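S.K.: Heads up: the protein sequence lines correspond to chains A and B, in order. The working numbering numbers the first residue of the first sequence as 1 and each following residue consecutively. The working numbering numbers the first residue of the second sequence as 254 and each following residue consecutively.
It should be emphasised that the hints constitute simulated quantities derived from the structure, not laboratory data. Among the hints, a few may not be true.
Calculated pairs, BS3-like style, for lysine-lysine (alpha carbon to alpha carbon, straight line, at most 25 Å) [what the hints assert, rightly or not]:
1. A:Lys-79 x A:Lys-115
2. A:Lys-132 x A:Lys-116
3. B:Lys-295 x A:Lys-93
4. A:Lys-75 x A:Lys-115
5. A:Lys-93 x B:Lys-353
6. A:Lys-93 x A:Lys-114
Away from chain A, derived, C-beta distances all over 12 Å, residues of chain B [claimed, not checked]:
7. Phe-257
8. Val-310
9. Thr-331
10. Asp-426
11. Arg-432
12. Tyr-492
The model shown is predicted, which means the values in this text are computed figures rather than measured ones. The C-beta atom is built at its ideal place from N, Cα and C for all residues, glycine as well.
The primary structure of each chain is shown beneath.
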Amino acid sequence: MIRIENISKTFNGDKVVDDVSASFGQGKVNLVIGASGTGKSVLIKCIIGLLEPDSGSAFFDEDNFTQGTERLRQKIRQKVGMLFQNLALFDSKNIEENIQFPLDILTNMTQKEKKKQVDFCLDKVSLSGVNKKIPSELSGGMRKRVALARAIVNQPAYLFCDEPNSGLDPSTAVRIDGLIREISSDDKITTIVVSHDMNSVVEIGENILFIHDGKKNWSGTAEGLIKSPSPELNKFICSSKLMRQLVSASSLP
Amino acid sequence: MIKFLQGLGSYFLFLRDIFVPMDSFRIYGRLILDECYIVGCKTFFVFMLISFFMGSVTVLQTAYNISNPFVKDYVIATVLRDTAVVELAPMIMGIFFAGKIGSNMATELGTMKISEQIDALKTMGINATSYLVLPRVIASIISYPILVALSIGVCIVGGYLAGVYGGVISPADYEYGIRNGFIPFSLPFALIKTIVFAFLISTISCYKGFNVSGGAFEVGKISTEAVTKSCVAILCSDYLLAELLL
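Pulled out of the complex, with its shape left as it was, chain B reads as follows (with noise of 0.2 Å):
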């Protein structure tokens, strides 16, 4: 328990190192546009990929489960569309987006801690934490929301192709489904949870790679930590994020 209250306690300091920027913000600029071509543009193609199987899957398996027949089969589409609003979108990409870019984060943030580039900024005067980890973060709050609002866009293309290719619903009832009961909050509510999520990952990522020591071995062990723990602080402000604005 105390380990933990330590690590949070050095966690929050950390975040406090980062966003005290003595450097001139013009050196930002750049490298908050090659952050964010790493972590939106790279990742684009695997997220829609990802995405247009995960919404086909949704309605196949919806339209499997649901064999009452008084439940009219527009219901499909809406189920795709709140979850992967509400959940699918934000979450299972949030933990995609851990696994890419935090463990890779961590990775090369702990190759530099041990290979002393991180020290050698530190002798330059530069402050190596807001200048190596507030880009990551920016372009990471940036880039993740847009790629989750393309990711809900790609998985409703991708029920319709399934479920209308696929003989499971006409593409009017899909097409009612998608607009039927549709709550505006949704929208404000993913994107306050892609944010949440983005700074989560990218600052714990960062955390991790900015405090290793040793070798190789420690650096492969902190790229699974880093994953792992940003997946467990997903979960928990998902939950919390529910509870306070739903």
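The following block holds chain A by itself, in its conformation from the complex (with noise of 0.2 Å):
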């Protein structure tokens, strides 16, 4: 479980989180959502120290991550896998390299072990026989999920996705979403997504936190997402036609 208090986060004066608290369970999808520019990435690089907030703390399970040691946040740190808005895969490396590289330096794993991990974390992800391609040879679903691989190949207790589907059509968003899903509640993975995208929040929501203008504003289960009173949840919810017909089709007697 990851558990959030009260945290804030400054750039120039202008307060990008505001004092946000909140708990994510553990073998859940947990998805931070909010438009574009509301300070979701911020909180969760927060979260995992990529940032340092200006106040507030991230716990992870009972330890403090923010207040820890060097030593400690390294030894949570080990216990991470995330996949990154813009995946971050080495592109020197290819994809066997890429999905190995966590395991080369976190542990003392024989070259036979490793490979057969990684080859379980590439049929997981669906895509067995690319070992030795290079990450520019694939197409941008096939590197979401091969940062998603990579991700997971340390078997790690905390998940963390800022946007994995921003640039996905719809079916490898979806096929994307599921994986996160399957990954999560198979392996008891703490999962924190960040997503604007409404299609994974129906997807795959599970707990729901909806960040606006830094702070929090509302936070539930994806059933209760439709019959929240917040009005500026239901304006994101229905800025587009699609989710205006569905929620009007909810909410019919």
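Put the two chains together into one complex; each comes in its own frame, and the hints tell you how they fit.
M.R.: Now the structure itself:
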């Protein structure tokens, strides 16, 4: 479980994240949603320590990551997998080397064991056989799956996904969503997904946190989303015609 | 001035992070070898080519400028030896090293930074500063002195060929000039300079790459900045070392 308490972050006097507290359950897909530029990615970076919050703390199970020593942070990070918005695959390495990289650095596994684990992860994301290709030879959706395979290769306890569906066609996006949900529930991983894609919310959202203007505006389950009293959330949900139709259909007796 | 001091402070904090490796040292061995190949082997040919012509030109121009009949020919070789060992090879090659290797380091790390690859390393629990910078610094400190030592040799050979076959100096005079009045401290002094220059070039370039933000335009900009600041650092440290050690 991950718990955040009163996290705030300011850039040049502009409060991007403002006193956000929340709890993200284990084995669930926890979604942080909101419009672009509302501080979702900054929040996730504050949780994992890529940015230092001005105030507040992030707890990974019982360990206070934000206030912890560098040694503790290092230890916690070794249990984290992250899917970056820009994927952050190493261009100079092939797919196998990319996925194997965390194992090379953080484990004492033999080459045979590492190969087995890499193949298992590639199989899990339905990409068997691309081991020797380099990232630029794959499509956007395939690269996302490679990045996801790398994020889970070390069997993380916590998985962070920053906009996993950005730039993908709807069917590939659904596939990525499905993988994230499957991995989270199978391996009991605490997963936090940052998204502004309502399809993802409907597909995988179990525990949702809505951020508006850097502040926590609403939190709850996917079922409670449509009935939320928050006008900002309703405006966000109903920004597309399709969602307006879905919401009005679900409101019918 | 405040900006300069902030930058300097940030550079020293960066240096501290490099030398606090949290990861097992076993992972650095291979990385250092890879970097030695890039820093040393891949620059070897062009380094030697430049050194050869540097030696040749120095001999010809010294001969051209010494018109006094009371100055013996062997002085040409002595001048070449002293300038090559103390200044030409360590300093001129340092500037070239900054242009080729320094800009390469800044661009590579800058691209890694803007494409979130450095963040990816951090989230994996790896000390990214140490992992990416330490092998480059060690490889530079190992390779650059070797390159400069070879460069001095090639410079002297280049001077010999140009001087002897250009009819400027006889082989006997050249050999005498090279041996004449040699101050043994010149060699350790040159070695100290190369180590300091290699450290400055690699750390300044990596620091610049590590602190880039923005996009491709900024990466290009910091690559140029890395070279200019490395060159300024080389010249300043060259003066300081001469003051302190000579």
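S.K.: So, for every hint listed, does it hold in this structure?
M.R.: Here's how the hints hold up against the structure:
A C-alpha spacing of about 20 Å is found between Lys-79 of chain A and Lys-115 of chain A, which places the hinted pair at or below 25 Å, so the restraint holds. In summary, the hint linking Lys-132 of chain A to Lys-116 of chain A is supported, as the alpha carbons are separated by about 15 Å, within the 25 Å threshold. For the suggested pair Lys-295 of chain B and Lys-93 of chain A, the alpha carbons sit about 20 Å apart, so the restraint of at most 25 Å is met. Taking the CA atoms of Lys-75 of chain A and Lys-115 of chain A, the gap is near 24 Å; set against the 25 Å cutoff, the hint holds.
For a cut-off of 25 Å, the pair hint linking Lys-93 of chain A to Lys-353 of chain B stands: about 23 Å separates their Cα positions. With a CA separation close to 16 Å, the supplied pair Lys-93 of chain A and Lys-114 of chain A stays within the 25 Å bound. Against chain A, the non-interface label of Phe-257 of chain B holds: every CB pair exceeds 12 Å, the least being about 21 Å. With a least beta-carbon separation of about 38 Å from chain A, Val-310 of chain B lies farther than 12 Å from that chain, consistent with its non-interface assignment.
Here Thr-331 of chain B stays apart from chain A, with its beta-carbon at least about 48 Å from theirs, past the 12 Å limit. Once the 12 Å rule is applied to beta carbons, Asp-426 of chain B is consistent with being away from chain A; the minimum gap is 52 Å. With a least CB separation of 48 Å from chain A, Arg-432 of chain B remains clear of the 12 Å interface cut-off, as annotated. No Cβ of chain A comes within 12 Å of the Cβ of Tyr-492 of chain B; the nearest lies about 38 Å off, and the non-interface call holds.
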